[in-house]
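Listed below, chain by chain, are the residues.
4 protein chains.
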Amino acid sequence: MASESDGAARVAWIRSRMPLLARARVDFAESRPFDGLKLGMSLHIEPKTAVLLEVLAAGGAEVVATGNHGSTQDDIVAFLRDSGMTVFGRRDDSLEQHERNVRAVVDSTPDLLLDNGADLAAGVLAAGTAGTVTGGTEETTSGGLRLRGELAGAIPFPTIVINDSPLKAIGENRHGVGQSVVESVMRITNLMIPGRRFVVAGYGWCGRGIAQYLRAFGGRVAVAEIDELKAFEAALDGYRVAPLTELAEWGEFFITATGHPGVLGPDVLELLPDGAVLANAGHFPWEIDTDALRAMAHTVTEVDAAIDRFDLPDGRGIVLLAGGRMVNLAGREPKGNSLEAMDLGFLLQTLSLERVATRADTLSPGPQAVPDDIEREIARRFVASMGASR
Amino acid sequence: MASESDGAARVAWIRSRMPLLARARVDFAESRPFDGLKLGMSLHIEPKTAVLLEVLAAGGAEVVATGNHGSTQDDIVAFLRDSGMTVFGRRDDSLEQHERNVRAVVDSTPDLLLDNGADLAAGVLAAGTAGTVTGGTEETTSGGLRLRGELAGAIPFPTIVINDSPLKAIGENRHGVGQSVVESVMRITNLMIPGRRFVVAGYGWCGRGIAQYLRAFGGRVAVAEIDELKAFEAALDGYRVAPLTELAEWGEFFITATGHPGVLGPDVLELLPDGAVLANAGHFPWEIDTDALRAMAHTVTEVDAAIDRFDLPDGRGIVLLAGGRMVNLAGREPKGNSLEAMDLGFLLQTLSLERVATRADTLSPGPQAVPDDIEREIARRFVASMGASR
Amino acid sequence: MASESDGAARVAWIRSRMPLLARARVDFAESRPFDGLKLGMSLHIEPKTAVLLEVLAAGGAEVVATGNHGSTQDDIVAFLRDSGMTVFGRRDDSLEQHERNVRAVVDSTPDLLLDNGADLAAGVLAAGTAGTVTGGTEETTSGGLRLRGELAGAIPFPTIVINDSPLKAIGENRHGVGQSVVESVMRITNLMIPGRRFVVAGYGWCGRGIAQYLRAFGGRVAVAEIDELKAFEAALDGYRVAPLTELAEWGEFFITATGHPGVLGPDVLELLPDGAVLANAGHFPWEIDTDALRAMAHTVTEVDAAIDRFDLPDGRGIVLLAGGRMVNLAGREPKGNSLEAMDLGFLLQTLSLERVATRADTLSPGPQAVPDDIEREIARRFVASMGASR
Amino acid sequence: MASESDGAARVAWIRSRMPLLARARVDFAESRPFDGLKLGMSLHIEPKTAVLLEVLAAGGAEVVATGNHGSTQDDIVAFLRDSGMTVFGRRDDSLEQHERNVRAVVDSTPDLLLDNGADLAAGVLAAGTAGTVTGGTEETTSGGLRLRGELAGAIPFPTIVINDSPLKAIGENRHGVGQSVVESVMRITNLMIPGRRFVVAGYGWCGRGIAQYLRAFGGRVAVAEIDELKAFEAALDGYRVAPLTELAEWGEFFITATGHPGVLGPDVLELLPDGAVLANAGHFPWEIDTDALRAMAHTVTEVDAAIDRFDLPDGRGIVLLAGGRMVNLAGREPKGNSLEAMDLGFLLQTLSLERVATRADTLSPGPQAVPDDIEREIARRFVASMGASR
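Chains as they are written, first to last, in my numbering: chain A, 1 to 390; chain B, 1001 to 1390; chain C, 2001 to 2390; chain D, 3001 to 3390.
What the hints contain is simulated information worked out from the structure, not anything from laboratory work.
Quick reminder that beta carbons are idealized off the backbone N, C-alpha and C, glycines included.
Among the clues, some could well be false.
Computed, partial: chain C to chain A, Cβ under 7 Å [unchecked claim]:
{"no.": "1", "residue": "Gly2060"}
{"no.": "2", "residue": "Leu2191"}
{"no.": "3", "residue": "Pro2194"}
{"no.": "4", "residue": "Ala2235"}
{"no.": "5", "residue": "Gly2238"}
{"no.": "6", "residue": "Pro2334"}
Model the full structure from these sequences, guided by the hints.
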């Protein structure tokens, strides 16, 4: 049996399960939309990203890239350099070194930006080189908020915010996050789902998915939601709907997906039963008030990977998963979103960058949603790639 | 055992299962928002409507009402007259008589209109009395379209279009219609659902509900949808997704919910297998091309209530339910939407009319959505009335 | 449009949706297993039974039949007589006349019995003609109990008890009853299912189906079950599981499917909330203690077809469906089990009678289960008739 | 934060989530059913087993134990020795050393056997010491087959076969395996479930669970089953049902759970589409014919942990998970059955051993099912421990 353990082999497997990017690569090799353009990227460097960058390079882009702090995979960096790209950074970089890496990408004066957290956008503004940028994309919601907040009005080029996409709301938030949260709770805790009592805080796209998949797995699910219309939807979807303080004594698992800080605060924590398991699915690690929990506990014990038990003076032990960070990225060997979900998200990136490169005149300056025709084209290709008609 | 068979008894039972209207009635008896105002109504006259009118009358309204052509229930008319209201019309009225009834309501110069199909709105415009109207509500989507189409700009008073409500999309279209269609197909045909192959045309709110409940009942469901984003949603919801012509030979039941005419046209009809069952859930009876079907058949036989079989020269027999009209209002003893769904919809009417009567200054002239604060207030009351927190 | 309103037309439609019987009819027309044999039948006379009898007659049987008391459909009697069968009875028969009808079938000295409730078996014993009977089938569980109880050892010929079949447990009890109960509750009450709180008493095949389909329709379901192993199954299936007295205040709908008398007795009735709806799905009308309920009430009002409200001195109104009889056979226009479920059950009858007629030597005297090879043959045909492989 | 990384800490966490064993430990500390008895064990040595052994020791048993070949966890061995038990074996043992370990347990002349695969039973027979054994339990189905096959009639003492239990069929096979297979396929492959096409071979308890949970997660599921009655059940449960050769071209994932060898043999393998993913959930690694697959391939590549791709001369790549061994025990960090499922299974062990130790007179010699009263007692305790009544 041949064995492939390096970056090239990992990328080969993943590339084989991303058919949308594969087709774009073939198309771009012919149309060469990025010929003569330099693309600056700031995004996690892992095998899926490598497949994305291959496609952009096939379209003629000269790639200059860096990763996020602490998540860069060194064998993938090696693979990308072997492919002729310029890549800054390694896993062990200090924060200072990481910032130098971002600046190095900015200093390469890219024509196109593939950004996350608006790091490159802020960089070119600071460097005074924003005028030489044709346009770009922004991967994250938090980057979108920054572009519309502190940077509002300052960006002279179009930036397509990928996470605004309705395809991502359904494909990634509802189904992707919904399933990976259920899978992760099982994988990390080894506890049973059917017949267990779950409280899901928040009934947005992620919360809808989490509640749906927990119930599908036999869980008994209650929803806490302060928005009246979403609470109405949850009640008709057949869930018990009540405030967290009413559900605190009933639940055995509590999962937050609200986007708001302090959702599981002292008022709820003090009511939880012994053995309650807490997990967060929201982007920021602030939904569970871990400071309050720590202050209540006399002892905190790491009982297994990504599992801490907080022993309280009243005898209760409260179990916190992943320290309150995103539970579906925690524990040993988390894999994150499915390959298909990333194939979808990266095709949004790919076709948006093509639009910026070839028809920037049809876009206005500043942050904006993915053009509707791109959404529809990708929806069509995704359904076809699923063989949904069979 | 006491027996009640007249209008009063039927209304009593239904009133007892409409808790939102019951509470509004108590509130209005105190606040009297309609004191001194005349309310003209044009809406189906059946027991649920009677409960609505009682609430408005309790709020001080002088009610002048008529029904729709052919659906007026005479014992309810009697009951309403006993309650002191002015009601025009009876079940056997000719179309001419019905039109006279509508005109009689218009001629009473009402201050408020509770309209459907924009009949009263068009009436006051034609009569030149629109200027004396404070405002009103419109129950139906088709009335809303008329107000925004042929009557656009002509209406000088605010009209709140109830069917635009997101509460109705979820409560009535997704869940109400979804379930009543499944119930009606079973009730009318006496056929089995589990393991049967269903094709649902259209994945809007109604189609989503129909597909969901058919699958929940063990049906194998495929979806046909031309909108790319909805097709994407259906595919990730786990349905087979393909064009109707591809599904025609596979399906056993075909249910339309698209809003478009001729969806099941000759190209699909000629491919259907022997015994295929066709039903429509859309508002208009045009989604199944019954003229084409009739033209193809050498014999049409009514085999049971609301079931016709079309025998074709090639030996196939195609089964049409309800003549292509709304299947969930067909057959013997259809009951229409659930009492709770009507309680919801009529509270939207009630609070919207109160807003028109008491704070018309906060509204603009012409058709408009239900004010957001009313939506939220009703969502809150509905969830509470369900006891969802228990 | 041609209209068919008589027995022949109704039978034609139903025959067209019973493909298993259709195939048996073709087979029997060739093999003639009943040539020269007289078949005595005692079973509900309605269109589905007519299709069964046609098959037996096609196999050469001389049919002598009567119905059950009060359910005979006169147009079907006429249709059967036109087909050359001897049929006793009409809808309006007195109980005495009905008993004379059964005796007339017995007195015709049939070779084969198609029995229900063991009426014909008891009849031939009483008449001293049991020795001339080759064998027969028994449709019902209660007939099977009688054959194994008061008649144990007395029957000198083989009787195959159809209701023992595992195919019927799954096809009819789990799926057929499960769905028709949900459909009937909706049809009779016009109340909403999603988000409502249901208590299902009993987690046998019927209870499993009822709970499954109520939850599938968005209901919140709790199960009461005294058998520990079934309670365990229900809990892992994700239901709340508790004694009825604990669930009494929580539930809104209570549905019994236990097979035991007095399940909803005074101890539970006194705890029910105002407006609670009670229905029974068990064969006998004894699971809800209607005598106790009547004794508690100061007034009983029939508020709609198959809906009675019992007003209690403490102000509560309790709603009883179908007087505590089988709810899925109640109300206006109940259709009973699906045509496919009857096709299945009647093919069990048909092939069992063929076995009795042609290979009685392979059977022992007295009541017995359907031979395993017949079960498997029918399972195979049913799956094929569903087109399950498509 | 205190950190516990050794055996004691891992056992502490797991012990805290096994409430049934915790209660048995308290009971046994009082009743001491095993006082003066030596217990010989042959079972995987991992943290859950340690919790079981603690309970038996608390009941007075002198424990002499060994593990299975290759799965012994050394830190747990150390923990058990610290607790005063005699344990033979370590992870790195050769097969010869493992056999010596089993013999060492046999040579200790235990009074009670806690066996798997009938290794100890065969051992005491070979050693001629079977006459000194009071009785025992057997964990596995394959051990039960051996006791009823090659060893039939030879065992002079009662052996309770745990895996025959209906509680295990539902709790472990349907729900436990069903869920862990879905979780494992996601964890190992990082592929999407919703909308994907799955073929499940076998509709026994495991297959029912796998099909149910795949569909619950949005998968489109077909079932292949040669037993007619199970195929009927699957069809009414709403699955496509067809032979594997018909489904081979349609499926994307193929999961076996039949108990039979060669289910995915050359006839199916040659029809699979490019990229098909194969996994086995059955106990033995023989359901997928990996020899045939290997013979067809020109190259086999390990593309990730527990993922091999077989490249065939016709250009197809077939993906095999876990080398055809149980997929839910494969990949990085598999955790096996849930803690609750093991709590259930080990309480069956515990109370069965108590019955053997204290009332062997009520049992017959040889293999037998768990006594019904123990099943019911455990069902009751399990439902109570779930808080199912809340």
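Here is how each hint holds up against the structure:
no.: 1; hint: Gly2060; in the structure: 47 Å, violated
no.: 2; hint: Leu2191; in the structure: 14 Å, violated
no.: 3; hint: Pro2194; in the structure: 5 Å, holds
no.: 4; hint: Ala2235; in the structure: 5 Å, holds
no.: 5; hint: Gly2238; in the structure: 4 Å, holds
no.: 6; hint: Pro2334; in the structure: 27 Å, violated
Comparing the model with each earlier hint shows violations of hints 1, 2 and 6; every other hint is respected.
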